[in-house]
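**Q** Given next are the chains, with one letter for each unit.
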Amino acid sequence: MAKAALMDFDEALERYEPVLGFEVHVELNTETKMFSAAANPANEKNHSAGPNTLVAPVDMGLPGSLPVVNETAVRYSISLGLALGCSIAPSSRFARKNYFYPDLGKNYQISQYDEPIAFEGQVEVELEGGDIVTVPIERAHMEEDAGKLTHMGGATGRIQGAEYSLVDYNRAGVPLVEIVTKPIFGAEHRAPELAAAYVRAIRDIVIGLGISEARMERGNLRCDANVSLRPRAAAGEPAAPLGTRTETKNVNSMRSVERAVRHEIQRQAAILAAGGTITQETRHWHEDTGTTSPGRPKSDADDYRYFPEPDLLPVAPSAELIESLRAALPEPPAVRRRRLKADWGFADIDFQGVVNAGLLNEVEATVAAGAAPAAARKWWMSEISRIANADGVEASSLVSPGSVAELQKLVDAGTLTDKLARQVLEGVIAGEGSPQEVVDARGLAVVSDDGALIAAIDEALASQPDVLAKIRDGKVQAAGAVIGAVMKAMKGQADAARVRELILERAAG
Amino acid sequence: MSADLIRLSAADLADKIASGEVSSVEATQAHLDRIADVDGDVHAFLHVNAQALDAAQDIDRRRAAGEELGELAGVPLAIKDVLVTTDMPSTSGSKILEGFLSPYDATVVARARAAGLIPLGKTNMDEFAMGSSTEHSAYGPTHNPWDLDRIPGGSGGGSAAAVAAFEAPFALGSDTGGSIRQPAHVTGTVGMKPTYGGVSRFGAIALASSLDQVGPVSRTVLDSALLHDVIGGHDPNDATSLADAWPSFAAAAREGATGEVLTGLKVGVIRELPDSGFQAGVSASFRASLALLEAHGAEIVEVSAPHFEYGVAAYYLILPAEASSNLAKFDSVRFGLRVDVPGGTVEDVMARSREVGFGDEVKRRIILGTYALSAGYYDAYYGSAQKVRTLIQRDFDAAFAGVDVIATPSAPTTAFRLGEKVDDPLQMYLNDVTTIPVNLAGVPGISIPSGLAEEDGLPVGIQFIAPARQDARLYRVGAALETLLVDEWGGPLLDRAPALGSARSDVEGTR
Amino acid sequence: MLARIQLDDDEVERLTGQLSAIVDNIAKVSEVATPDVPATSHPIPLENVFRPDVVGQMLTTAQVLQNAPDATDDRFKVTAILGEEQ
Ligand SMILES: [Mg+2]
Ligand SMILES: [Zn+2]
Numbered sequence: 001m002a003k004a005a006l007m008d009f010d011e012a013l014e015r016y017e018p019v020l021g022f023e024v025h026v027e028l029n030t031e032t033k034m035f036s037a038a039a040n041p042a043n044e045k046n047h048s049a050g051p052n053t054l055v056a057p058v059d060m061g062l063p064g065s066l067p068v069v070n071e072t073a074v075r076y077s078i079s080l081g082l083a084l085g086c087s088i089a090p091s092s093r094f095a096r097k098n099y100f101y102p103d104l105g106k107n108y109q110i111s112q113y114d115e116p117i118a119f120e121g122q123v124e125v126e127l128e129g130g131d132i133v134t135v136p137i138e139r140a141h142m143e144e145d146a147g148k149l150t151h152m153g154g155a156t157g158r159i160q161g162a163e164y165s166l167v168d169y170n171r172a173g174v175p176l177v178e179i180v181t182k183p184i185f186g187a188e189h190r191a192p193e194l195a196a197a198y199v200r201a202i203r204d205i206v207i208g209l210g211i212s213e214a215r216m217e218r219g220n221l222r223c224d225a226n227v228s229l230r231p232r233a234a235a236g237e238p239a240a241p242l243g244t245r246t247e248t249k250n251v252n253s254m255r256s257v258e259r260a261v262r263h264e265i266q267r268q269a270a271i272l273a274a275g276g277t278i279t280q281e282t283r284h285w286h287e288d289t290g291t292t293s294p295g296r297p298k299s300d301a302d303d304y305r306y307f308p309e310p311d312l313l314p315v316a317p318s319a320e321l322i323e324s325l326r327a328a329l330p331e332p333p334a335v336r337r338r339r340l341k342a343d344w345g346f347a348d349i350d351f352q353g354v355v356n357a358g359l360l361n362e363v364e365a366t367v368a369a370g371a372a373p374a375a376a377r378k379w380w381m382s383e384i385s386r387i388a389n390a391d392g393v394e395a396s397s398l399v400s401p402g403s404v405a406e407l408q409k410l411v412d413a414g415t416l417t418d419k420l421a422r423q424v425l426e427g428v429i430a431g432e433g434s435p436q437e438v439v440d441a442r443g444l445a446v447v448s449d450d451g452a453l454i455a456a457i458d459e460a461l462a463s464q465p466d467v468l469a470k471i472r473d474g475k476v477q478a479a480g481a482v483i484g485a486v487m488k489a490m491k492g493q494a495d496a497a498r499v500r501e502l503i504l505e506r507a508a509g
Numbered sequence: 001m002s003a004d005l006i007r008l009s010a011a012d013l014a015d016k017i018a019s020g021e022v023s024s025v026e027a028t029q030a031h032l033d034r035i036a037d038v039d040g041d042v043h044a045f046l047h048v049n050a051q052a053l054d055a056a057q058d059i060d061r062r063r064a065a066g067e068e069l070g071e072l073a074g075v076p077l078a079i080k081d082v083l084v085t086t087d088m089p090s091t092s093g094s095k096i097l098e099g100f101l102s103p104y105d106a107t108v109v110a111r112a113r114a115a116g117l118i119p120l121g122k123t124n125m126d127e128f129a130m131g132s133s134t135e136h137s138a139y140g141p142t143h144n145p146w147d148l149d150r151i152p153g154g155s156g157g158g159s160a161a162a163v164a165a166f167e168a169p170f171a172l173g174s175d176t177g178g179s180i181r182q183p184a185h186v187t188g189t190v191g192m193k194p195t196y197g198g199v200s201r202f203g204a205i206a207l208a209s210s211l212d213q214v215g216p217v218s219r220t221v222l223d224s225a226l227l228h229d230v231i232g233g234h235d236p237n238d239a240t241s242l243a244d245a246w247p248s249f250a251a252a253a254r255e256g257a258t259g260e261v262l263t264g265l266k267v268g269v270i271r272e273l274p275d276s277g278f279q280a281g282v283s284a285s286f287r288a289s290l291a292l293l294e295a296h297g298a299e300i301v302e303v304s305a306p307h308f309e310y311g312v313a314a315y316y317l318i319l320p321a322e323a324s325s326n327l328a329k330f331d332s333v334r335f336g337l338r339v340d341v342p343g344g345t346v347e348d349v350m351a352r353s354r355e356v357g358f359g360d361e362v363k364r365r366i367i368l369g370t371y372a373l374s375a376g377y378y379d380a381y382y383g384s385a386q387k388v389r390t391l392i393q394r395d396f397d398a399a400f401a402g403v404d405v406i407a408t409p410s411a412p413t414t415a416f417r418l419g420e421k422v423d424d425p426l427q428m429y430l431n432d433v434t435t436i437p438v439n440l441a442g443v444p445g446i447s448i449p450s451g452l453a454e455e456d457g458l459p460v461g462i463q464f465i466a467p468a469r470q471d472a473r474l475y476r477v478g479a480a481l482e483t484l485l486v487d488e489w490g491g492p493l494l495d496r497a498p499a500l501g502s503a504r505s506d507v508e509g510t511r
Numbered sequence: 001m002l003a004r005i006q007l008d009d010d011e012v013e014r015l016t017g018q019l020s021a022i023v024d025n026i027a028k029v030s031e032v033a034t035p036d037v038p039a040t041s042h043p044i045p046l047e048n049v050f051r052p053d054v055v056g057q058m059l060t061t062a063q064v065l066q067n068a069p070d071a072t073d074d075r076f077k078v079t080a081i082l083g084e085e086q
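Protein chains in written order, with our numbering: chain C, 1 to 509; chain A, 1 to 511; chain W, 1 to 86.
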């Protein structure tokens, strides 16, 4: 396909004001699906399920099958609505969204239409450097996911050119909450950054609630980004009406969301500046080229013929239920971050480093287990992250915060030097047990028995009579050579300061 | 012996099986023989259960082993093909589902099996239950046992005809706008549409979800009540299923048969349904039944239901709208007919499969429903029709403030001839003028035979309607009138139906 | 078309003739459906009908596929898809 012309980003921002909007789909990690008792593939217990093994009659639209709403999914949806600052509807209902597609067992999606469970909220989104943007939320509604299509026989594995497609209905019926923002103004040149930060904020909220695994690469969290541009109004003139928007789908990492928004701003600006018009359409993000391509234009096929789902009844949560869920909400992630930064006394750059590394939970848990904040940060951000990077795994998967705190305690108590502690960490990561167990098993503790040290010192001094003489002459720095020999003899398991002290004592003796 | 067995009511047959006088295998074999004898003419069945005798044998064995079995254990049952079954194909009368085998049983079927009932087979119906004559079955029409050239009603013509032709003592049906009651009317049988939510819809292939209800079809009121007791009650697989504790409907029917329930009973008659709207013999039979009720202590009260006349119009918006969505699942991807289109896309294959697999009436209603839901028309059509439902419910509420039950003729005419109305959908739709408001309001309705029309000697039914959840009242009142009428006739109405099968051939010679 | 049924010209002609008569007839609902009348979507009003979040009976893969017009590798097989994902 022809490469779209792009306008320089800064120039685009000079001429046009970007207006954003997001639709984020969150897969809930309930035990079962939204409308059936089939096990939920978005729950970690079921990741390894084979195709079409997690299917109940309604998930594949079998004749006679009926949906029944999952109570936990409703509670999770209310909690998420509350965490988004939304009002919870005293009564909401499901509707059928009718369209034909092979991944949709019933050829309609049960969703919510004119009566969503949550509406009118806002989310505080923190940009790099700590600036806060408040994103207005239009609604959050419950719906079901579709099955999974695999396109076969084409060169690309994409839909175009495929000879045939295979359908797996495991994912059909996975509970979803779709979060829709209102138009977001004022992000300006930070619009791409805001896009990523917004998705991160939603991810932090659902992780804090424990209602989703929120792994974008698994599709637990999916973002459609709406972008439109409008010309800047001259001073004193009213703002121009909103421009035509495009909806970019298939964006499955935070970095891609950021790149896709940037690309759309540059692409649309180039079209508008050349006197063209923007087509209202969905666009597909291509990770490899960093570009979007046109999808389906809006058409008759978008007449979804919504009508109230006759197989399901209204959801009317009591005020007591809503209040009890509100009371159980965790601290909002943005508030929590502000609190931790103050408690720990970290500099901006150090704190942001922990946040960006996604290690806030780990550092917090390590501090809670008794380690000093600076020590906790040092372990996670340096040694553990280094090993994780080298092995290509998540730092959090290597070692528990409790073990890190225990390790630091051993250092604080003088049982381990920093160097020994790193060896113990390796042992812990290798699965040899707790830090203390590794110390015991490998015999790594600092030798604090003066008798053993003195014997080694006497031997070293005896073998280096010239050094002994220098020390006795007051050339104390000459002790360094003996320290080295003693440490070598002790295989590093000695406290160098104590060795030095003892050398001076013995030499004087 | 077997000729006697097939004419027994389900209740009497159950007694004989329970007492050991007759085995379930004998009872089942008698009905299979009858099916073999007459169903070539009647065509009530789309499928006869090859395992029926095995199931009967199992019941006999369990009974011999001293197992405690249900009241109806061992009695054969016919099942409308709209209900999915694991051991027999379920087609809902459509070519698009030819040979479809469900991996699960409908709740009502599972309950019937658990009660020891013996599934005899699957009965014919209008395709996806769209029709009032069973002529819209993809597998050919069912014939009315009273006159083989006439329709058995619809959509559940197969179940009604099977029962009227003594091929089964009773049957399961489904009723979206009259599909149990109107066939009962034209075949001289009993049919009950329970309160919406009283019987599970799980496993009933959906036509219009907010109107569909499964219910019993039988020759006596007690038999319907017994079957309703088996299939009814809360089902967690159907969100619209009511969690109510229901009384015994059989007890209500038995109480009604004593006749005392008529004293002081207020029976409403709808002013807006004048006799002029009905075939003369139909209204005459209706008036005679009212007189009989009155003679036994009931009070006939005129009530007003000004919105009944909008019922058919509202129904023909709601039903196609919901059906257009419910029938979207028949797309050739997961099950059902697939017609390949060389070089075509999956969209082409879907459209072609649906063109070939659906009959005219189904296409008509899907297109109508798609249109009624489409952008810009929703408020005028579907939205307005839902408002008419409210108005009809209010009519019922107002009427039931003054009466215990409402009575209407079950349908405007007796059985018409096959082919007579098949190309005139509007005329066909008017068949359900008295039954449709009952579905729209969700209240229960029963049709019981009231006699034969003078002019054509064909059966006529009377419909009783009760407030929501008062299904037991209908069994009480229905059984009371049934007892009086059978006394008056000197035997069941069906005794007057012509002979069928080999018995008929003896008289008339083979066709 | 939205109903996804292919129709030949004969069918279109026959069905549309019948349909327009039906549509004329049913348009009468608007006579009484005034704004003050609430809609009834469920004949017997209920609310909050839920299912506990407990895994129940699922179909075996063989049951899932038992009526499949075409299947391969435990999945349903369909011919090429023209439209885009929604
Ligand atoms: Mg969307
Ligand atoms: Zn969605």
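Calculated from the structure, these hints are not laboratory results.
Mixed in with the good hints, there may be bad ones.
[Said to hold, decoys possible] Between beta-carbon pairs, the in silico distance windows are: (1) Ala-21/W x His-234/A: 40 to 46 Å; (2) Asp-149/A x Asn-48/W: 48 to 54 Å; (3) Arg-215/C x Ala-380/A: 21 to 27 Å.
A virtual CB, placed ideally from N, CA and C, is assigned to each residue, including glycine.
**Q** Against each hint, give a clear statement of whether it holds in the structure.
**A** Checked hints:
1. The supplied range of 40 to 46 Å is met by Ala-21/W and His-234/A, whose beta-carbon atoms lie about 42 Å from each other.
2. For the pair Asp-149/A and Asn-48/W, the supplied restraint of 48 to 54 Å holds, since their beta-carbon distance comes to about 53 Å.
3. Distance hint for Arg-215/C and Ala-380/A: a CB-CB separation of about 46 Å, inconsistent with the stated range 21 to 27 Å.
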